[in-house]
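So the sequence lines, in the order shown, correspond to chains W and C. Position 235, counted from 1, in the first sequence is what numbering that gives the first Met the number 0 calls 234; the numbers after and before it change by one each time, with no gaps. Position 2, counted from 1, in the second sequence is what numbering that gives the first Met the number 0 calls 1; the numbers after and before it change by one each time, with no gaps.
Hints were generated in silico from the structure; no laboratory data involved. Any given hint could be a false lead.
Here are the simulated distance ranges between beta carbons [unchecked claim]: (1) W:Gly158 to C:Val185: 29 to 35 Å; (2) W:Glu141 to C:Thr196: 55 to 61 Å; (3) C:Leu264 to W:Asp87: 14 to 20 Å; (4) C:Ala257 to W:Leu192: 48 to 54 Å; (5) W:Pro33 to C:Gly143: 57 to 63 Å.
Small disclaimer: the values here were computed from a predicted structure and weren't measured. Beta carbons: idealized from backbone N, C-alpha and C, even for Gly.
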Amino acid sequence: MTSAPPAHRADPGAAPGGAAEPAVEVVDLVKRYPRSPRNAVDGISFAVRPGEVLGLLGPNGAGKTTTVGVLTTRVRASSGSARVGGVDVRRDPSEARRRLAVVPQRPNLDRVLTARQNLVFSAGYHGVRRAERHRRADELLERFGLGDRGGDKVDKYSGGQAQRLMIARALMHDPQVLFLDEPSTGLDPQARLFVWERVAELSAAGTTVVLTTHDMDEAEEVCDRVGVVDHGELLALDTPAALVAEHSSGGSIEVVVTPPDGARRPRGSEEADDVGTAVAEATARVRGVTAVDRLPGPAPTSRLRLSVDGDPAAHLAPVAEAVSATGALITDVRLGRPDLEDVFLALTGRELR
Amino acid sequence: MSGDRSTRGAGTASTSTLTPALMILWRDLFVTWREMPAFLAQVLLQPVFLLFVFGQVLGSLGFLQEGYAELLFPGIVALTAFLTALQTTALPLVIDFSFSKEIEDRLLAPTPTTAVALEKMAFSTLRALVASAAMFPLGVWILGGIPWEAGALGWVVLFVVLGALTGAAGGLTLGTLVPPSKINIVFALVLTPLLFTGAAQYPWASLEVLPWFQVVTALNPLTYVSEGLRGSLLPATPHVPAWVCVLALLGFLALLTATGIRGFLRRALD
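Put together the whole structure using the sequences plus the hints.
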């Protein structure tokens with residue numbers, strides 16, 4: 000079979016910036032599995048720029064993995080189109096596979112082979128020449144901290160090591176687009192950080208990365224843009240900062256206050272409540288504070304949570320001023336910055352997890 | 000091919016769509032080669048015991064007619080070719096698709112998914128050919144001699160290859176059709192009847208006395224491998240004509256390959 004069709008024709012109106020052809024492009028993608036009452040993917044469209052890291056954020060069963068499945072030629076779309084590296088994945092799946100690589104959620108390493116053989120054979124399947132695949136295997140084993148483990152059978156590998164090896168394997172044929180399905184699920188914090196650093200490196204070197212996650216920190220740390228997916232729909236797609244700015248109402252400031260020095264009275268007195276009430280009234284008048292909630296706290300202290308517009312740090316000084324005007328002392332402060340969790344809550348009405 | 004990426008992926012330019020499939024075949028052969036003794040034990044134990052008990056032991060005890068071992072040998076070679084290919088294809092596929100998912104990296108190779116399915120068949124066929132070839136020296140050793148005809152070699156090779164291919168196609172069908180939870184029961188229900196209704200232990204023509212059984216055996220592809228080989232090695236024994244065997248095997252091969260590839264695509268793509 001010759002994969003001759005000019006797969007690289009730019010689709011007018013597809014690239015949002017109008018500049019380079021998108022590395023990944025999904026248009027009105029729908030997938031309904033047989034005998035399923037609803038669409039697993041229900042009309043998703045997005046485009047990913049070359050070198051960008053895009054995260055699809057959503058709970059399990061939201062349609063993220065199915066979307067990646069279509070893009071990686073393992074799932075047949077019911078309708079709509081998907082292109083990777085300019086190649087229509089349905090029309091020419093072989094050619095698309097040349098340009099992409101997948102790191103799946105569950106380990107699928109070749110267990111009868113050693114780590115190094117896993118890399119070398121995978122490159123062979125992709126037609127990388129012999130000398131080149133041996134060179135790359137050594138280089139990637141080294142880069143992924145497995146330089147001394149190359150000769151081990153992979154069933155001796157820990158979860159984190161297997162994950163690193165799978166990423167190394169995915170890079171053996173130098174793909175244009177790397178798909179990572181829940182890359183840090185089940186990894187310890189150190190291994191997670193390692194994966195995140197490698198993703199940042201790849202992106203810097205020009206590889207496009209599409210990852211799925213239900214981990215807010217991962218989406219925020221690693222991704223240039225995040226798409227919030229729920230019930231098969233893409234609810235929003237933007238940079239983490241822009242999503243937070245647009246979809247969350249604001250942050251919070253939590254303060255713990257005690258009555259003025261010397262006014263301390265025996266346990267059970269009304270003094271603490273008086274202080275709490277005074278502080279609540281004073282801070283409620285501060286500009287930008289939208290609500291004040293009293294939280295339970297040990298006497299004689301009072302805990303209050305102030306909801307604020309925008310960045311809570313900007314409101315800290317006036318709030319502190321208002322508190323000290325009452326004579327109370329601040330013993331603890333905690334800023335609650337708005338994050339993707341708030342975005343998800345605002346978009347879906349549910350918590351993610 | 001991937002010419003739009005001149006600066007990167009430099010090592011991947013020279014590939015045809017056949018390269019990935021050949022590399023996958025090389026991987027399977029590489030793994031088999033490393034486990035050669037285990038592989039031979041696995042595929043040869045059953046035919047060797049059949050030959051030994053039915054050809055040697057029962058003969059020595061005087062329960063068998065003169066010449067039965069000669070009738071048996073071509074059938075055992077047929078059985079080895081057919082069942083080795085069938086099992087080598089079916090069992091790993093069931094495991095790959097359900098538990099280990101190891102096949103996923105090969106499904107991501109830049110080659111049509113059908114080529115991956117055909118590679119599975121090619122690999123099983125090669126293994127079956129090695130196992131069948133080993134039966135000849137083993138037959139000489141166990142039985143003290145095997146039937147042979149001048150000029151039979153071409154026919155023997157043809158029937159062994161056709162038998163192995165048909166077995167591999169049957170394995171592809173079975174391995175992709177059967178849900179993993181049922182694999183034990185299906186193998187028990189399929190393999191044993193295949194083993195005993197394939198004219199391996201008796202010439203088909205002699206079943207005239209059991210017409211219903213003759214009809215049943217006619218539905219087993221193994222029958223045509225056994226009869227083809229028996230006709231080649233023992234032309235004097237009544238046998239199904241070679242051309243009938245070849246046509247029947249080609250028919251089974253086409254049918255089972257089609258169903259096997261359909262099953263493979265169904266399992267490989269959601």
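For each hint, the structure was consulted:
Distance hint check: the CB atoms of Gly158 (chain W) and Val185 (chain C) are about 33 Å apart, consistent with the given range 29 to 35 Å. Separated by about 57 Å at the C-beta atoms, Glu141 (chain W) and Thr196 (chain C) satisfy the suggested range of 55 to 61 Å. Remark: the range hint 14 to 20 Å for Leu264 (chain C) to Asp87 (chain W) is upheld by a beta-carbon distance near 19 Å. About 51 Å separates the C-beta atoms of Ala257 (chain C) and Leu192 (chain W), a value consistent with the hinted range of 48 to 54 Å.
For the hinted restraint 57 to 63 Å between Pro33 (chain W) and Gly143 (chain C), the CB-CB distance of approximately 59 Å keeps it satisfied.
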